[in-house]
Amino acid sequence: MKFFPLVWAALWRKRPRTIFTMASIVVAFLLFGLLQAVNVAFGSGVDHISGVDRLIVSGKYSLTEQLQLSYDARIRSIPGVRNVSASSWFGGVYQDERNFFAQLPVDHETYFDIYPEIIVTPEARAALNSTRTGALVGKQLAEKFDWKVGDRIPVQATIWPRKGGSNTWEFDLVGIMDVAKDSERAMAEFLLFRHDYFNEARQFGEGLVGWFVVQVDDPTRADAVAAAIDKEFANSPRETRTDSEKAFNQSFMKQMGDIQMIVTSILGAVFFTLLFLTGNTMMQSVRERVPELAVLKTLGFTDQRVLGLVLAEALILCLIAALIGLGIARLLSPGLAQFMPGLTVNPVVWGQGLAIAVLLALIVGLPPALRAMRLNIVNALSGH
Amino acid sequence: MASTLNQIVAVTAMNIRNIPSRLGTSLVILIGIAGVVGVMVALLSMARGFEATLAGTGKPDRVIVLRGGANDELSSVIFRDQVEVIKQMPGIRKGGDGQPLAIAEKYLLTGIPRIGSTEPANVVVRGTTDKVLELRPETRLSEGRMFRPGVFEVIVGRGAQGQFANLRLGEKVAIRSGDWTVVGIFESGGDVHESEIWTDVETLMAAANSPVIASVTAQLESEDQFTAFKDALSTDPRLTAQVQKEPDYYASRSEALQNMINVLGYAVGIIMGIGALFGALNTMYAAVSTRTVELATLRALGFGGLPVVVSVMIEALLLALAGGVLGAGIAYVIFNGYTVSTLNFQTFSQVAFDFRVTRDLLIQGVIWALSIGFIGGLFPAVRAARLPIVDALRAQ
Amino acid sequence: MSDVLVNIRDVHKTYTRGAETVDVLRGLNLDIAAGEFLALMGPSGSGKTTLLNLIGGLDHASGGSVAIKGEQIEKLGSGQLARWRASHVGFVFQFYNLLPMLSAERNVELPLLLTDLSKAERMKRVAIALQVVGLADRARHKPSELSGGQAQRVAIARAIVADPTLLVCDEPTGDLDRKTADEILTLLQTLNREYKKTIVMVTHDPKAAEYASRRVYMDKGQLATAATL
Chain A
4 MKFFPLVWAA
14 LWRKRPRTIF
24 TMASIVVAFL
34 LFGLLQAVNV
44 AFGSGVDHIS
54 GVDRLIVSGK
64 YSLTEQLQLS
74 YDARIRSIPG
84 VRNVSASSWF
94 GGVYQDERNF
104 FAQLPVDHET
114 YFDIYPEIIV
124 TPEARAALNS
134 TRTGALVGKQ
144 LAEKFDWKVG
154 DRIPVQATIW
164 PRKGGSNTWE
174 FDLVGIMDVA
184 KDSERAMAEF
194 LLFRHDYFNE
204 ARQFGEGLVG
214 WFVVQVDDPT
224 RADAVAAAID
234 KEFANSPRET
244 RTDSEKAFNQ
254 SFMKQMGDIQ
264 MIVTSILGAV
274 FFTLLFLTGN
284 TMMQSVRERV
294 PELAVLKTLG
304 FTDQRVLGLV
314 LAEALILCLI
324 AALIGLGIAR
334 LLSPGLAQFM
344 PGLTVNPVVW
354 GQGLAIAVLL
364 ALIVGLPPAL
374 RAMRLNIVNA
384 LSGH
Chain B
2 MASTLNQIVA
12 VTAMNIRNIP
22 SRLGTSLVIL
32 IGIAGVVGVM
42 VALLSMARGF
52 EATLAGTGKP
62 DRVIVLRGGA
72 NDELSSVIFR
82 DQVEVIKQMP
92 GIRKGGDGQP
102 LAIAEKYLLT
112 GIPRIGSTEP
122 ANVVVRGTTD
132 KVLELRPETR
142 LSEGRMFRPG
152 VFEVIVGRGA
162 QGQFANLRLG
172 EKVAIRSGDW
182 TVVGIFESGG
192 DVHESEIWTD
202 VETLMAAANS
212 PVIASVTAQL
222 ESEDQFTAFK
232 DALSTDPRLT
242 AQVQKEPDYY
252 ASRSEALQNM
262 INVLGYAVGI
272 IMGIGALFGA
282 LNTMYAAVST
292 RTVELATLRA
302 LGFGGLPVVV
312 SVMIEALLLA
322 LAGGVLGAGI
332 AYVIFNGYTV
342 STLNFQTFSQ
352 VAFDFRVTRD
362 LLIQGVIWAL
372 SIGFIGGLFP
382 AVRAARLPIV
392 DALRAQ
Chain C
135 MSDVLVNIRD
145 VHKTYTRGAE
155 TVDVLRGLNL
165 DIAAGEFLAL
175 MGPSGSGKTT
185 LLNLIGGLDH
195 ASGGSVAIKG
205 EQIEKLGSGQ
215 LARWRASHVG
225 FVFQFYNLLP
235 MLSAERNVEL
245 PLLLTDLSKA
255 ERMKRVAIAL
265 QVVGLADRAR
275 HKPSELSGGQ
285 AQRVAIARAI
295 VADPTLLVCD
305 EPTGDLDRKT
315 ADEILTLLQT
325 LNREYKKTIV
335 MVTHDPKAAE
345 YASRRVYMDK
355 GQLATAATL
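Protein chains in written order, with the working numbering: chain A, 4 to 387; chain B, 2 to 397; chain C, 135 to 363.
Among the hints, erroneous ones may be present.
[As the list claims (entries may be wrong)] Below, simulated PhoX-like cross-link-like pairs (lysine-lysine); rule was C-alpha separation at most 25 Å, straight line: (1) K234/A <-> K231/B; (2) K330/C <-> K5/A; (3) K142/A <-> K249/A.
[Unchecked claim] Derived list of chain B stretches under chain A, where covered just means 3 residues or more per stretch with a C-beta under 8 Å from a C-beta of chain A: (4) 89 to 97; (5) 120 to 127; (6) 149 to 160; (7) 171 to 181; (8) 273 to 279; (9) 343 to 355.
Think of the hints as simulated: they come from the structure by calculation, not from any bench.
Since the structure is predicted, the reported quantities are computational estimates derived from the model, not experimental observations.
Glycine included, each C-beta is placed from N, C-alpha and C at the ideal position.
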């Protein structure tokens, strides 16, 4: 709009001051973008990797309990259950504890029907079916460790030694797993191998399973099916607890403690100090420009218009700085997502950030704007 | 002309007396830096607290034996017959009953919600025997009594009681095969065991349908016996086992989380520090420019450039120092001793720990504050000293 | 006889400074005809600037009426007064009061931002105004790059760009040397004689007053004598 050159020129009146203030705001929104992205990883990131038609059956008292392999048939017979896959936590180490990734033995005949999000070629599946020691890995893992189909991958067991006592398990890589959307990546980035091989080659624990993944016919009846499963195993030696996959994933995240609270507190402290800084700058700026604002009034600018000019200045300052800060966060987030899958500066974060920028602008801009509005022309011009 | 030192004192005093008239802008540095230091110290005190809890666990002359290749107690599986082998190893002190002072313990997790929440958290349940008070003399029962074998009874660590629901004396908690009654509360100097629930190992094995042990913790005659013990253990063909001194084991289990919190704390502290730096630069440039005439007049009168620079720096440093002390102080008052719990993802178990605002953190905070103040004051100060006197005097 | 443009009747203005009240204008009457170049003179404290502020719509009278082109401006609210100023008055101040971060042409453009004119129209009028004051070649300069006289010319261009009814000048040559002052006053005279602008100028400089078509003296808040050319 036509007043933009006036507002823009006013903003840059004292170049170093504006640059420093803007830099502070940029930093604040950079932090906001990154920390909110962490929140996304811990919160809504869960939705993308949870299927509405999937349930997780685990031990009633802890996920770390072992269930019976024989439960598989009993779960299948429950009305509403379409498919079941046993799965366990292998918990091995590849070369170094820091190269952490999950290794999961699964029912290779049913797992991929239950997880259609995972993209595997028919050749890879056939190879897995015909190779007892076969394994699939996620695309990014393969890239990270430079694995190619045909490689033999050694994994040191920390929990489950092989028959004979050795901790070394070797898997033959027969295929790569991929996903269509980045938000689903966590579903495929692990090492998948056959549970029947696991069961026969392990030194102890034969017939035991970590948990079952269940696919239901009708997502709207998922709760009822879950209840039916738990009822089936109530009063058995190993009772179960069945949750929707979403609830299951969420409870993991919640275990980290009140991450959200910590993040919000940090951001609160950051923005509070920022308010001070920016507010002070705006007040200073308006104070210096009292004669100029008075001149605008003599020219016929109404009190409201002068208020609007100062507010516009605050708004432009905060919005531009917020955009830059969020932009930098956006640039950095892929790098950080390596450590924390699901970390993204998504549209919600942008929206929140910009809304806060507007709020910040109003809070720091309103007092000086009101002051400008109330300027008495005669007093201001005569230097009072 | 007065000596340089006198000049510095004079100009500095003038600057500082002047501050109340520039209160708004001066507060910017103070509050900005207080914010940075406060947040950084608070975050780092989490890491310190977590470290103290883990590092404070165990004694160097006590050892923990796990299955060879297992990283932690949750992963380790040891069979009964192997336990006897371990207990016969050389170097273990004899207990009051004449037997080796060593206990085979079971380690598992049970889901208990945090107080005020419904989501279950992975709380550690340790199956042990009543000899545990002799094995770990730093532990004492502060309320109630010891559990009895053969019944579903537990004693609960003070830390766990404070964080998780239904762990008070007399309450019931679901562990395996039903609810168990809390019959005692124990304390052990704020170490990691205070986040645990203890019960009888045989009862637990039966209830969990899992007749295996996770670890054997043994008291050695002395720390010197460690090597002999370790050698005997590793050369025995009947089992694959590994042994560590307790402090080493527990410290290794805290590395990842500690690093993560430290990285977070320093990263946020640095980023915020940069933000505060810009604020400080703003303030000091403004402070200098409102007094351009004053400072130039002084120089025209013969005051050297150095006293001007030093006085501006001192002003910036004093404000920064005040901010740093304020921020560190607030962090201390609000957070020190505050107990939280989180999932130690290395062990998959919940650990309760206190925020610990240590002295070295307070010092780090103040140093960080002074660094920001130093840079924030340096450039404006030099500029003030360099501005040609004539231009400055005409600047009005 | 030209029409009466400014009609001031029994105007009072009182200021309150703390516990004191000061009567600056006491029952002043004045008529200014269209096309006049009026010099308002008097010692400091006589109230001439206060009167100028009332004529220019910068302040409200405490009593009496100020009618400009038939409109009683003392009855207008501050918002209406602002709009009135935009279309009826152009100001020239002693210290120019240009916005330092805007170029000359952007400064001159300011009053036009309050109109509905398109950007092209606005710039056309700005160019004309700068040409009238003889500064077309300095359009892009900032005030810091202009001499005192040049800055005042820009201020005058800004004052006339919206084609106001009245030009109000408060000590326009107060900050200028003799030679430059004469140039400015000549320009004002040209605006008055050739472009028929009505000008009211406050000055304490008798030489400046000579450029006016009529001189009015004030003392202690009232007119002392009136002399016409």
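Cross-check of the supplied hints:
A threshold of 25 Å between alpha carbons decides the hint, and for K234/A with K231/B the separation of about 49 Å lies outside it, so the pair is violated. At most 25 Å may separate the alpha-carbon atoms for a hinted pair to count; K330/C and K5/A exceed this at roughly 31 Å. At most 25 Å may separate the alpha-carbon atoms for a hinted pair to count; K142/A and K249/A meet this at roughly 24 Å. Here's how the stretch 89 to 97 of chain B fares: 0 of its residues keep a CB closer than 8 Å to some CB of chain A, so the rule of at least three is not met and the hint is violated.
Residues of the stretch 120 to 127 of chain B lying with their CB closer than 8 Å to a CB of chain A number 4, which satisfies the three-residue condition for coverage. Three residues within the 8 Å Cβ limit are the bar, and the stretch 149 to 160 of chain B against chain A gives 0, so the coverage statement is violated. Coverage of the stretch 171 to 181 of chain B by chain A holds [criterion: at least 3 residues with CB-CB distance below 8 Å; count 4]. Beta-carbon proximity to chain A at under 8 Å applies to 5 residues in the stretch 273 to 279 of chain B; the threshold of 3 is reached and the given coverage holds.
Counting residues of the stretch 343 to 355 of chain B whose beta carbon lies closer than 8 Å to any beta carbon of chain A gives 4, which reaches the threshold of three, so the coverage claim holds.
Going down the numbered hints, you'll see the structure goes against 1, 2, 4 and 6, while the others check out.
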